[in-house]
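Q: Here is how the chains run, residue by residue.
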Amino acid sequence: MSDIAIAVRNLRNQFGQHVVHEGLDLDVYRGEVLTVVGGSGSGKSVLMRSILGLTQPTAGSIQIYGEDVLRLSAAERQRVDRNTGVLFQKGALFSSLNVRENIALPLREHLGMNANDAGDIASLKLALVGLDAQTAETMPQSLSGGMIKRVALARALALDPDILFLDEPTAGLDPIGAGEFDSLLQTLQQALGLTVFLVTHDLDSIYQVSDRVAVLSQKKVLVVDTLDKVAAYQDRWVQAYFHGPRGRAVSNQQMRPEHGN
Amino acid sequence: MQENGYIHFNQAEGRDCLTLGGDWTVAHYIDLKKQLANLGDVPQSVTCNIESMKKLDTAGVQLLYRALGEHKLRQLPLTEQQHNLIDTVINACSNQEPPLPPKSNGFVKMLERIGIFSSNLYRNQRDLLGFMGATLQSAAQVIGRPSRWRVTAFVAQLEETGLNALPIVALLTFLVGAVVAFLGATVLSDFGASIYTINLVGFSFLREFAVLLTAIMLAGRTASAFTAQLGSMKANEEIDALRAQGLNPLELLVLPRVLAMLVSLPALTLVAMASGIGGGMVISALTLDISPALFLHIFERDTGINHFWVGMIKAPVFAFVIAIIGCNEGFKVSGSAQSVGEHTTSSVVQSIFMVILLDALFALFFMEINW
Numbered sequence: 001m002s003d004i005a006i007a008v009r010n011l012r013n014q015f016g017q018h019v020v021h022e023g024l025d026l027d028v029y030r031g032e033v034l035t036v037v038g039g040s041g042s043g044k045s046v047l048m049r050s051i052l053g054l055t056q057p058t059a060g061s062i063q064i065y066g067e068d069v070l071r072l073s074a075a076e077r078q079r080v081d082r083n084t085g086v087l088f089q090k091g092a093l094f095s096s097l098n099v100r101e102n103i104a105l106p107l108r109e110h111l112g113m114n115a116n117d118a119g120d121i122a123s124l125k126l127a128l129v130g131l132d133a134q135t136a137e138t139m140p141q142s143l144s145g146g147m148i149k150r151v152a153l154a155r156a157l158a159l160d161p162d163i164l165f166l167d168e169p170t171a172g173l174d175p176i177g178a179g180e181f182d183s184l185l186q187t188l189q190q191a192l193g194l195t196v197f198l199v200t201h202d203l204d205s206i207y208q209v210s211d212r213v214a215v216l217s218q219k220k221v222l223v224v225d226t227l228d229k230v231a232a233y234q235d236r237w238v239q240a241y242f243h244g245p246r247g248r249a250v251s252n253q254q255m256r257p258e259h260g261n
Numbered sequence: 001m002q003e004n005g006y007i008h009f010n011q012a013e014g015r016d017c018l019t020l021g022g023d024w025t026v027a028h029y030i031d032l033k034k035q036l037a038n039l040g041d042v043p044q045s046v047t048c049n050i051e052s053m054k055k056l057d058t059a060g061v062q063l064l065y066r067a068l069g070e071h072k073l074r075q076l077p078l079t080e081q082q083h084n085l086i087d088t089v090i091n092a093c094s095n096q097e098p099p100l101p102p103k104s105n106g107f108v109k110m111l112e113r114i115g116i117f118s119s120n121l122y123r124n125q126r127d128l129l130g131f132m133g134a135t136l137q138s139a140a141q142v143i144g145r146p147s148r149w150r151v152t153a154f155v156a157q158l159e160e161t162g163l164n165a166l167p168i169v170a171l172l173t174f175l176v177g178a179v180v181a182f183l184g185a186t187v188l189s190d191f192g193a194s195i196y197t198i199n200l201v202g203f204s205f206l207r208e209f210a211v212l213l214t215a216i217m218l219a220g221r222t223a224s225a226f227t228a229q230l231g232s233m234k235a236n237e238e239i240d241a242l243r244a245q246g247l248n249p250l251e252l253l254v255l256p257r258v259l260a261m262l263v264s265l266p267a268l269t270l271v272a273m274a275s276g277i278g279g280g281m282v283i284s285a286l287t288l289d290i291s292p293a294l295f296l297h298i299f300e301r302d303t304g305i306n307h308f309w310v311g312m313i314k315a316p317v318f319a320f321v322i323a324i325i326g327c328n329e330g331f332k333v334s335g336s337a338q339s340v341g342e343h344t345t346s347s348v349v350q351s352i353f354m355v356i357l358l359d360a361l362f363a364l365f366f367m368e369i370n371w
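These protein sequences, in sequence, are chains B and W.
Counting in UniProt numbering, the first sequence runs from 1 upward without gaps.
Counting in UniProt numbering, the second sequence runs from 1 upward without gaps.
Treat the hints with caution; some may be incorrect.
Unchecked claim - Take a look, some chain W residues computed to stay more than 12 Å from chain B by CB distance:
1) L63
2) G335
3) I369
Unchecked claim - Under the rule of at most 35 Å between Cα atoms (straight-line distance), these lysine-lysine pairs were calculated in the DSBU-like manner:
4) W:K34 / W:K72
5) W:K55 / B:K90
6) B:K90 / W:K332
7) W:K54 / W:K33
Honestly, the hints are just simulated from the structure, not real lab data.
Using N, Cα and C, we set each Cβ at its ideal position, and we do this for glycine too.
Taking the hints into account, I'd like the entire structure generated from these sequences.
A: Put into structure tokens, the structure is as follows:
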């Protein structure tokens, strides 16, 4: 099927005696924002790393646009990787390069652009994520948390990927910064037609940006559906997550009629 | 699956027409930019035909925006999603500030760098003295209160800096002792004075080589380790966490390291002396037929105890300087991985430099007092 971007089948991840995933199935459709939630240690990051090829799963198959990425050669894998952008939890900006060079690096390495062209595109990407030209020359150490996330997003978008992986993009941001980041993500996702795989704990983000929500629990995907249906799912953890004190506060806010930008 | 992007300019029925096709994506950016440059100026009245255009991404929109301008771009018959894309990119482009003014020229920059380097050099030395003072101060505070002695940390550091360095120091000085004996045997035999090889090895190792080689070895081995350990802790805000809990990082982290060095460097120097002289003794026995018993007899007869003290007195001084430089550089690390690397390099270079400089000053001093 062409509208499935990522298909995970029967995935198993095991570290020593510790089984993280067992028989995990998950589909991500083209152009949707899929949020993955789950308790700490439920294997959200491991799932993301497995799809990205950073962790080799013990068993199972992972298809990206119909290609079984676990069985590709290194060169073919690289071609697939060029189509995915990743925002790591702490940004993972290269500390020895300034902001512009951070974004320009994949352009120069993969597409053989010269410094001017790559810098040009990097400036556009920075403008897209709402940062000004002054930021381009600064080093990552001197950026604030919110700016690091924005630069990391700009770098993830450098090669105009189809699929974007975000690992807790709003963790560590203040509520205003997190809200702005969510709006930015939403705008870019709609404009660029991105498929987004979002790992987050931020209930506000889940309510604002996600098309579907996948709950990781008991070593597999417990339920994956639209937010309303997942929130209504009868499971202790899911109920506590979406209807605990924090979950209630957010959902009440979202349902208030005067709300909506 | 991929199709190269292209743009053609043609005149049909007296009208200017631009034909755009293929993928206008970042993968074809270089090629498309060249094509646009070859096209030159596009007349305002041109119409665009984009029927065969396949994909469009931000880089493609950026190129089209530069070539066609906002008005023309918005008129293109595209899908709704592509119009969203164009709006987003145009918004971003129009919010973009003009590029920064060009940087100053190379000569001014060089002068600037020399200036920065010189003032840093001065500031570094002042900081080092300050750090030395602060360490001594916290040592003075702790020394009267055995309950605050960090015995475990001290012993752990002693094992790491002293015991673990023992094999390499012994081997190294043994080999150098052998080399010096070879040199002596070769050069002195021309004068019929090969017996003085014993004095050569004895004097050089007691006075200079043992302590100098050990100090350089530890500067490379231990100063770098101190800087990397403390630097990573600094980068991880562990040192700030100690301070915030009212604990003194100098007392917890620096003092055990400095004390361990003060013990292990003299101890290793003693080993180095024995090992170097042992190397000389083996070579003398093998090539000069001087038996170990004769070697030791002549060594004992000709070499005063003052030569031993000349070497030993220097050891704690070097130890203190190496440990202080290693720790101080660690505390100067700021955040990034690159910074850890820079300061580790700097700590090794500085401590070796200081060791050799101090050794030269010591040599002058001992020469003046006729030791």
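Q: Next, verify each hint and record whether it holds.
A: Evaluated hints:
1. Its closest Cβ contact with chain B, about 10 Å, brings L63 of chain W to no more than 12 Å, contrary to its assignment away from the interface.
2. Taking the minimum C-beta to C-beta distance to chain B, about 5 Å, the non-interface status of G335 of chain W is violated against the 12 Å cut.
3. The non-interface label for I369 of chain W is consistent with chain B: the shortest C-beta to C-beta separation is roughly 50 Å, beyond 12 Å.
4. Restraint check for K34 of chain W and K72 of chain W: satisfied, since their Cα atoms lie roughly 20 Å apart, inside the 35 Å limit.
5. Between the alpha carbons of K55 of chain W and K90 of chain B the distance comes to roughly 32 Å, so the proposed pair stays at or under 35 Å and holds.
6. For the suggested pair K90 of chain B and K332 of chain W, the alpha carbons sit about 23 Å apart, so the restraint of at most 35 Å is met.
7. This hinted pair checks out: K54 of chain W and K33 of chain W have alpha carbons roughly 17 Å apart, not beyond 35 Å.
Checked against the numbered hints given earlier, this structure breaks hints 1, 2; the rest are met.
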